[in-house]
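Chains as they are written, first to last, in our numbering: chain H, 16 to 131; chain F, 252 to 458.
Treat each hint with caution, since some may be false.
Now the stretches of chain H that chain F is said to cover, found in silico as 3 or more residues with beta-carbon under 8 Å [as the list claims (entries may be wrong)]: (1) 36-43; (2) 81-94; (3) 100-107.
Here are some of the chain H residues that sit facing chain F, going by a computed Cβ distance under 7 Å [as the list claims (entries may be wrong)]: (4) Leu55; (5) Phe58; (6) Pro121; (7) Pro122; (8) Pro124; (9) Trp125; (10) Phe128.
No lab work stands behind these hints: they were computed from the structure.
C-beta: ideal position from N, C-alpha, C; glycine also.
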Amino acid sequence: MWARVVEFMLACWLAVSPFIFQYPDDAIFFWCSDLITSSLIAFFALISIYLPLRKMHLCNLIVSFYLIAVAYFLKESPLQGALQNYVVLGLLLLMIAIVPTDADKPPKPWRDFYHR
Amino acid sequence: MKQIPLNAIPEPWEYNPSKWSQRVRIILVASVAFFIAVYMGLYQWRLIDSVWDPVFGKQSMQVLDSDVSHKITSWVRIPDSILGALAYLGDIIFALAGSTRRWHNRPWLVVVFGLDVIPLGLVSAILVFMQGFVVDAWCFLCLVSAVISLVLVVLAYDEVWSSLLFVYRVWKRSKKFSVVWDTFWGRPSKIAHEVGSQMARRRDWRG
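If we strip away everything but chain H, and leave its shape as in the complex, we get (with noise of 0.2 Å):
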């Protein structure tokens, strides 16, 4: 449960990122890009709190791809900043969404395995 409050918590920086690093008004592309991801960070990570969708937050990989991907297509942004910001969260996120929700118990089809 840990990792998805972690990745609760790394979508309320990527929200705050655009104030952070101050974003030029008209960096519309970086404003939108910051609060879809930070959304979709938020909404696989809550819904995999419910246990039919426990695995949701494998989702956040394609989120975290994405935030490395722009790092090196706009390397030339003058945000330098923002995609920076963008790398490191993206490589983290790479970490936390693989570690399961219930990484603390063994996995559910051995519990089931031993308890059918």
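Fit chain F to the known structure of chain H by using the hints.
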């Protein structure tokens, strides 16, 4: 079917390499390296003016501002120290995840943890030691973090070994790729249970 206890001790060890006391040691050591790497990263981001070095003095800053360092930064888009900090943070994240029987029921997690600690740790340590010869300057904190990387390899290899041994024995027993694949990804099977039981049986468990 009798469940393998969470604190079962797998071959070839006299202790459970997945137990919390083992993993907390790794977390504490990796945390020290993480803070050292972040501190050097703050200098590379120019958020602090200098780097503390009681042995080599200003050579640390030469290393952190070297062409090699700038080259790595241009490849990975972030300062190399921050990349190192993320790798140590990965060690902490993967050490925190999983039960005390994860060598058996989540081999993939132990292997990912092993990949983060062992090859990455060895490569980063070799790069740091090479830096002295390529850049012709030494950095005390870089050397400390390289030594910590090697310590982490020693602390982490036992669990990885048990997991790989478990998966290998499942392969030897089943000779089926599908069974090994399922076992690796934490899906149960009678064979995986039996092999896990045999690995733990001789130590503290009678199945």
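Evaluation of the provided hints:
no. : hint    : result
1   : 36-43   : violated (count 0)
2   : 81-94   : holds (count 3)
3   : 100-107 : holds (count 4)
4   : Leu55   : violated (21 Å)
5   : Phe58   : violated (21 Å)
6   : Pro121  : holds (5 Å)
7   : Pro122  : holds (4 Å)
8   : Pro124  : holds (5 Å)
9   : Trp125  : holds (5 Å)
10  : Phe128  : holds (4 Å)
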